[in-house]
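K.L.:
Below are the chains, spelled out letter by letter.
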Amino acid sequence: MIDKRVATALEAVAGIHDGATVLVGGFGESGVPTVLLEALVQQGATDLTIVANNAGTAERGIAALLRAGRVRRMISSYPRSRGSVWFERRYAEGSIELEVVPQGTLTERIRAAGAGIPAFFTPTAVGTAMAEGKEMREFGGRPYLLEYALPGDVALIRARRADRWGNLTYHSVARNYAPTMAAAAALTIAETEEPVAELGGLGPEEIITPGIYVDRVVHTGAALAWDGEGPR
Amino acid sequence: MTAPALLPYGVTPWTMTEVAAHVAADLPDGAHVNIGIGLPTLVPALLPPGREVVLHSENGMLGMGPPPEPGTADPELIDAGKNLVTLLPGGSYFSHAEAFAMIRGGHIDVSVMGAFQVSQNGDLANWSIPGDKAPAVGGAMDLAAGARRVVVITRHTASSGAPKLVAACTLPLTARGVVGRVYTDLATLDVLGGRFRVAAAAPGLTPAVLVKLTGGEVDWPDTQR
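Chain order of the listed sequences is U and C. With our numbering applied, the first sequence corresponds to residues 2 to 233, in that order. With our numbering applied, the second sequence corresponds to residues 82 to 306, in that order.
Excised from the complex, chain C in its bound form:
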């Protein structure tokens, strides 16, 4: 994936594959992780060697594996995005009701989600945009409310150039105050005390540029510059 050109600002954005690798690097060994639809699906292939992470899919499986080799697919065996997948040794199947009991019950360590907007107090908007032909919500609200930690992978700005990290979401909310960390092509930012706090920055990014491209309040500790 190519990142949008931000060269006028002298920044070299990370590619979204690089951003997904940042997410993968932070998933703890032994964690049970739900991977959302869209950019999050880049993450599993980028887990560091030897890192054992159990993938949960809300349609009823733990131990989800990569897409099948050509010609070996089981057409019933799909992930929550309806893509063909496999099951790893040790994996299990269960009902939808149990899959969501697992989520709400606090058994999922990390939910990796995409976003339309994230606010500086951790509100998440990722299910509805104006002009949708009909509403559809899926499991996003359950995951956002139930996972022990919610992290977001997203481009730093929308294709229009508008900030996606904002002071307050204007799009319909998925959940309030749930996002712990946002990984973008410009920076990795923690949501702390009602502000975004830079944990890592793309090459060439300066505080002035980051503030210009971010809608919410940003802290950039000296230790991260």
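Looking at chain U on its own, in the form it has when it is part of the complex:
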């Protein structure tokens, strides 16, 4: 019998090793798997490479890993953003490496990894400083840059609903990177907003991420902390 449910977030992050590349879903605070990230701080894995759009806000999410000194390298599109105090501190003191990637290139590199495409050509960033040192080739008279797939050892994502096969649905734009990251990691772990459903509880036309990509699901109930006025 297939049963991907685990009881606690700490069980869900068991086995993530030092030096792992961890793909983390979320855009701003939308869709960040905050409970899994807190569990990862507790679990203790260090020397991590974190791949995520942003680099955490205040003390939450990726910021908690940065604060605890567990991150060696960030691969991110917009690490400096509202409230990214721990990222800015670690970057200023030189204790983390940083690779900044255009957002569409970042997400496509992850997509490629999950789809068995080792590299691809993109028009993005041609003629900019970000093209330096990259192979360029013309197709139809237009220049493109070679970019490489970016797989993860682990993906941490947040879903709205799941079933025991690991099929997932999402909450509005909290979906963002999650379906793409789910396919691109050797071990994909999803925290869910709603209790894990019986098989058939998620309609086949409703499922966004098929369970084939997902290894563990844990119901955390954690929607974004919210005080009625704005995110806390």
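Note that these hints are calculated values from the structure, not bench results. Glycine residues also receive a C-beta, built at the ideal position from the N, C-alpha and C atoms. Mixed in with the good hints there might be a few duds.
Here are the simulated lysine to any residue pairs, SDA-like style, with alpha carbons at most 25 Å apart [claimed, not checked]:
| no. | chain 1 | residue 1 | chain 2 | residue 2 |
| --- | --- | --- | --- | --- |
| 1 | C | Lys293 | C | Ala282 |
| 2 | C | Lys214 | U | Arg61 |
| 3 | C | Lys163 | C | Gly119 |
| 4 | U | Lys135 | C | Thr251 |
Covered stretches of chain C (chain U as the covering partner; in silico rule of three or more C-beta atoms under 8 Å from a C-beta of chain U) [unchecked claim]:
| no. | region |
| --- | --- |
| 5 | 147-160 |
| 6 | 164-177 |
| 7 | 212-222 |
Each pair of labels, with its calculated beta carbon distance range [as the list claims (entries may be wrong)]:
| no. | chain 1 | residue 1 | chain 2 | residue 2 | range |
| --- | --- | --- | --- | --- | --- |
| 8 | U | Glu206 | C | Glu99 | 44 to 50 Å |
| 9 | U | Ala93 | C | Ser240 | 24 to 30 Å |
| 10 | C | Pro130 | U | Pro119 | 48 to 54 Å |
| 11 | U | Gly142 | C | Lys214 | 38 to 44 Å |
For this one, chain U is given, so just place chain C on it according to the hints.
P.N.:
Chain C only, in chain U's frame:
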């Protein structure tokens, strides 16, 4: 928003809300449009009545609506600038990967962006300035390279008084040769044949003043004076 005083030159600059209305007036009915962070966010509220424009947000939505009424916000439902928004009837959600495939695939009709500098051959610099605490690029390079048309809304000069419309950008580029039109508080200018060409001018603007406040080559056709 108040425009900087340019009264010594006898010009009455448009307010940035007026400039945003110029951008909105030019968005075609039925267009799929991405609205950038900053001044571009003024544009959607100023669309002429009956003009149906579908807003794209690169974090994964089409049919983005205005900010929510107080007390009705969904905290997860944000735009690319991380502001709370709503979804209109007919709107849809999709992954980030699909949002950017849409951009690079040429499905976005217009990208409205802010700028630090635009050059006379359409180069755009809008992601990095000296003294940034750390680099951050976001989706600007993808939108600039992928949208079918890129238009810029900006003040004509920087707060220092330096021209933002220049012969050649000195700041790090977002993309080369992509900007089609620039809307400023002094003029609307097309980027054509390696020069800025005036399509509309603020009250009192003269060619001499425009040249003084613009770094690049400017054409001002008689029909626009």
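K.L.:
Each hint: holds or not?
P.N.:
Hints and how they fare:
| no. | hint | verdict |
| --- | --- | --- |
| 1 | Lys293(C) - Ala282(C) | holds, 15 Å |
| 2 | Lys214(C) - Arg61(U) | holds, 20 Å |
| 3 | Lys163(C) - Gly119(C) | holds, 12 Å |
| 4 | Lys135(U) - Thr251(C) | holds, 22 Å |
| 5 | 147-160 | holds (count 7) |
| 6 | 164-177 | holds (count 6) |
| 7 | 212-222 | holds (count 10) |
| 8 | Glu206(U) - Glu99(C): 44 to 50 Å | holds, 47 Å |
| 9 | Ala93(U) - Ser240(C): 24 to 30 Å | holds, 26 Å |
| 10 | Pro130(C) - Pro119(U): 48 to 54 Å | holds, 51 Å |
| 11 | Gly142(U) - Lys214(C): 38 to 44 Å | holds, 39 Å |
Checked against the numbered hints given earlier, this structure breaks none of them.
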